[in-house]
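J.: These are the residues of each chain, in order.
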Amino acid sequence: MREIVKDFSTEARALHGKITLDLLAVEDGEHDARMAAAYERVARGLHTLKGTAATLGLQDESNLVHRVEDVVLEGRDGQRALGTDLLGVVLEALDQFTARVDAHAADEVLVALDDVLARLVGSEASEPSPPAASAAPTDEQPLAVAPLEEATQEASAAEREPASGQSLEQEWRVDASKVRSFSADVERLRQVRLRLVERHREIVSVQQQLHASSGTLSAAGQALRRDAEDIAAIVEGLEDTLTALATLPLRTIVEPMHRSVRDLARNTGKRARLRIVGDELRIDRVVLDALRGPLVHLIRNAVDHGIEAPEVRDGRGKDGEGLIVLRAELQGNALFVEVADDGEGLRLDKIRRRAVELGLLGRDDDMSPNQLQQFIFKPGFSTAESITSTSGRGVGLDVVQDEVGALKGVIEVQSTAGKGTRFLLTLPVALGGTSVLIARLGEHRLGIPTTSVESVVRARRSELTIGRNRMRMEYQDEALTVVDLGDLMGLRQPLVPKDGHHILVIAARGERTALVVDEVIADADLVIHPLPDGLDPHQAYQGAATLADGQHLLVLRPRFMVQSSTRRQTAVSGTRQVLVVDDSISARALHRTVLEAGGFSVHTASGGLAALQQLDVTAYDAVISDIHMDDLDGLTLTARIRDKKETRHLPVILVTGNVDDDVRLAATNVRADALLSKSECAAGNLLAAVQKAISRKASSDG
Amino acid sequence: MSDDFDDVSRAVLRARADRLRATPDEDASDSTYWVAAFGLGDERFSVSLPEMLAVLPLTAVTPVPLAPNAVLGMLRFQGALIPALSLASMLVGRAVRRDPVALVIVSSTSGRVVALDCEQIPGVIGIDPSRVAIARDGVSEPFVELTAEDGEPINLLDVDVLLTEGAAFGSG
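Heads up: the sequence lines are chains V and S, in that order. Position 541 of the first sequence, counted from 1, bears residue number 541 in our numbering, the numbering being contiguous throughout. Position 7 of the second sequence, counted from 1, bears residue number 7 in our numbering, the numbering being contiguous throughout.
Next comes chain S alone, as it looks inside the complex:
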């Protein structure tokens, strides 16, 4: 290690190196269902972390005249044009506290990629997988409500159902 670092920095770097060297605790990673969580009005929504491809600022969206109401427009992501959708419009009756600032890019299991607006850049939180399994058991809804590990309620989006039910993204 270089002598340019002071002791505190050296200790931080050493601790980081130790963490990276450590064997991943597979049991621990398996025991948490990670989601990207964000606020929508007074509620919290989330998408499964593996379904989230990126978070982008809500700019460079080109409006599409005559598109259905829930469509904000389109943008280019990884070389392809994808639709940007207003989550609050899709989940009719949902309020917003402030204007969305970010787009979370999600992919459905069928590979369809869309951008959903959100009021702030999502944070990552964990949920007990058994709660996810119970909440989703036999349910085919755009989202299910459950309790996150921080004890607060959170709505978990099912991207496939959301896109299927909003196939036309609302009436034009």
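Bound-form chain V, shown alone:
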């Protein structure tokens, strides 16, 4: 029996949410067709709750709903107004109903009903109504049980009519681990599909090389393409099914928030309403569950801290009722949830003062508004002057940030004094694919979500305005800042685009920027997974996807591209820049650690040929190169550097595993400035050798 009550508890909570929404809609409203429809839905819902509770032997609970039903029906029939106070009692009664059903399900102590029943009955007594047609309990029998006969009849009705209005087939329970496994299989199938598409491209390419003399090859290619199309259709079908299984509409968690806003506003002497956009979006159940806490917190904060009292709003020329908007949007594997209010905005002066008090900021430290706003995510940070039951304890936004972070998401805040505050949560979702543009930057490939790419244009030097600090280009009557994406990602010194380079116009959250890439390679529909912890301190990436060749592609976050490029200046800073050339990823990391600790800005190349390409476009203060590399060894690289007029005197430090006389002689022959063993490098000699070589060159130049 307990299992059935547990099921009913889930069902009752869902129904409770719907009834609450409709009750809020009828509160102090005009009697019109919409209100009548809302009343009807409430009546049907209450009827179901009452009947099912009675069937399960939860007689007290059934009686409680019966009382609520009486009050609501009188409201529906115009016999009394369902005002704020009365509605409060009704909502409280429904809260207690679900709490008691939960307690029955968990075999816990039940909440007493006397108080709320007395108030329900009292409300009837204070506004006498004509006798109801049903057998409503009288004042003399406040806790009387509804007639058994009636309860039984109603129970039968409830059984015929599933509570949520959905058929039982729609409520199958599925083991979450099986859904995860299904999801992994679908993704693998997606990878197979990508590989098939790639194989088809290869066959077409081979066929062209063979001048298409082979009809068999052509037929095989066409068959393969058809197979790829079939698999694509299967993947889409499976993903649709999977989405239906593994997701729930966002409304599941946000609908009850209407009630929270109403209650909290009322308790704080304010008026506020919640508007939700995009609540029909289906979100992964796990994400949805974890998202509930942060959203509740942000919305309660908006009411308590954001929305002003009605008289203050009147004075500011705002509507007396504050508006909180919760807006959700899915873009590929990214879910954006925005919580915005039209309240007073963050008080930067208070934030600054509090940050100074807490020792987080010096009294004279210069900080941008955006930097100051970030303090609200610090543990224990609160500017509230008093502690309320809702907030002011400084426990909150840091937890929200942690919870969003645990979902591999990001939270950002924007605020305008007197206008309001806006929180934006960006969260990864596993299901479905994201259309990604793949761009090449030297030897690196990076992905950019196509939804953020407004256009791809070919660079023309004549159309670029190159200033001391910035490059700009005209785009749709706007002077866009042009930034080299390779520079933005720390891969090379700013590149001034040559004719034919691709420039991507990226848009995010109302801002635009133009990014230079070497080449746009392709676009693909990819599944983006969040990066492991600790790899992305700048929140530059939406995640990584696996390409058809098994390589990983890092996919950039549009917001990062736009924000970083507006802050970026193309002028060369005073930092000395060096190029580390090594085919070992570990050696590159190690050299980089040592040199950056010594104050250098470090670019890397994974081989001699890549290094020559970078030297063509970038002026470095020194080159540190491994000797043994497959494509072009360090000795040859040094010789090539010495052959070119521009780099003839560039300091070059060669590195090798073991230094012997032969290597020493070879390094001398190519006029390397220093030769070090790998162990000498990490022991600190590399930094000294680079500094010495640069000083020597400076002396000779001087």
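Source of the hints: derived by calculation from the structure; they are not laboratory data. Ideal Cβ placement from N, Cα and C applies to all residues, glycine included. Don't take every hint at face value.
Stretch by stretch, here's where chain V covers chain S in the computed footprint (C-beta under 8 angstroms, at least three residues) [to be verified]: (1) 49–62; (2) 69–77; (3) 98–104.
One side only, chain S facing chain V, incomplete, derived with CB under 10 angstroms [as the list claims (entries may be wrong)]: (4) Gly41; (5) Asp42; (6) Ser89.
Use these hints to put chain S onto chain V, whose structure you have.
T.: Relative to the frame of chain V, chain S by itself:
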């Protein structure tokens, strides 16, 4: 046993079968703390064998621009993306003798999985558990130095501490 084998092979196979049939000497296995040992410059480092999940060649690591210095990149292991870290960069001041060739995949007690680079494929050696207990008693360092059963010094990594202290894996 098949007649296709000569006497020597037969003897080897029989000896193997005998070993497999023998009851494990629980006392003996309990008396040794097994570690996967590898060189880093002039020193030897090790991780507890149960913490080691796999050893992979140092290939297929995708570099992550703007990642902290000690991050080599990321790779896929058992279906999940994991970070690959440069041990020498994390243990600042450690030298390498030659370029690392392998990645040892380790798991912390919290279940976090990372790959650490090493100069060669690790070998398994034993350490007296009492020495491990003494060296680690009250110590919360990324590694402790002790003496292995071959009499040579060895640094034993504490993966949890290493990952906690290098939570940001060095400055970006």
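J.: Are three or more residues of the segment 98–104 of chain S within 8 angstroms, CB to CB, of chain V?
T.: holds (count 3)
J.: Answer holds if the nearest beta-carbon of chain V is closer than 10 angstroms to that of S/Gly41; otherwise answer violated.
T.: The hint holds - S/Gly41 has a Cβ within 10 angstroms of chain V, the shortest such distance being about 5 angstroms.
J.: Would you settle whether the hint for S/Ser89 is holds or violated, based on the nearest Cβ-Cβ distance to chain V being less than 10 angstroms?
T.: At about 4 angstroms, which falls below the 10 angstroms cut-off, the nearest Cβ of chain V leaves the hint on S/Ser89 intact, so it holds.
J.: With a Cβ-Cβ cutoff of 8 angstroms, does the segment 69–77 of chain S contain at least three residues near chain V?
T.: holds (count 8)
J.: Hey, does the S/Asp42 contact hint survive, CB to chain V under 10 angstroms?
T.: It holds, given that the least Cβ distance between S/Asp42 and chain V is near 7 angstroms, below 10 angstroms.
J.: Closer than 8 angstroms, Cβ to Cβ, for at least three residues: run that test on the segment 49–62 of chain S against chain V and report holds or violated.
T.: holds (count 4)
Violation of the numbered hints given earlier is absent; every hint is satisfied by the structure.
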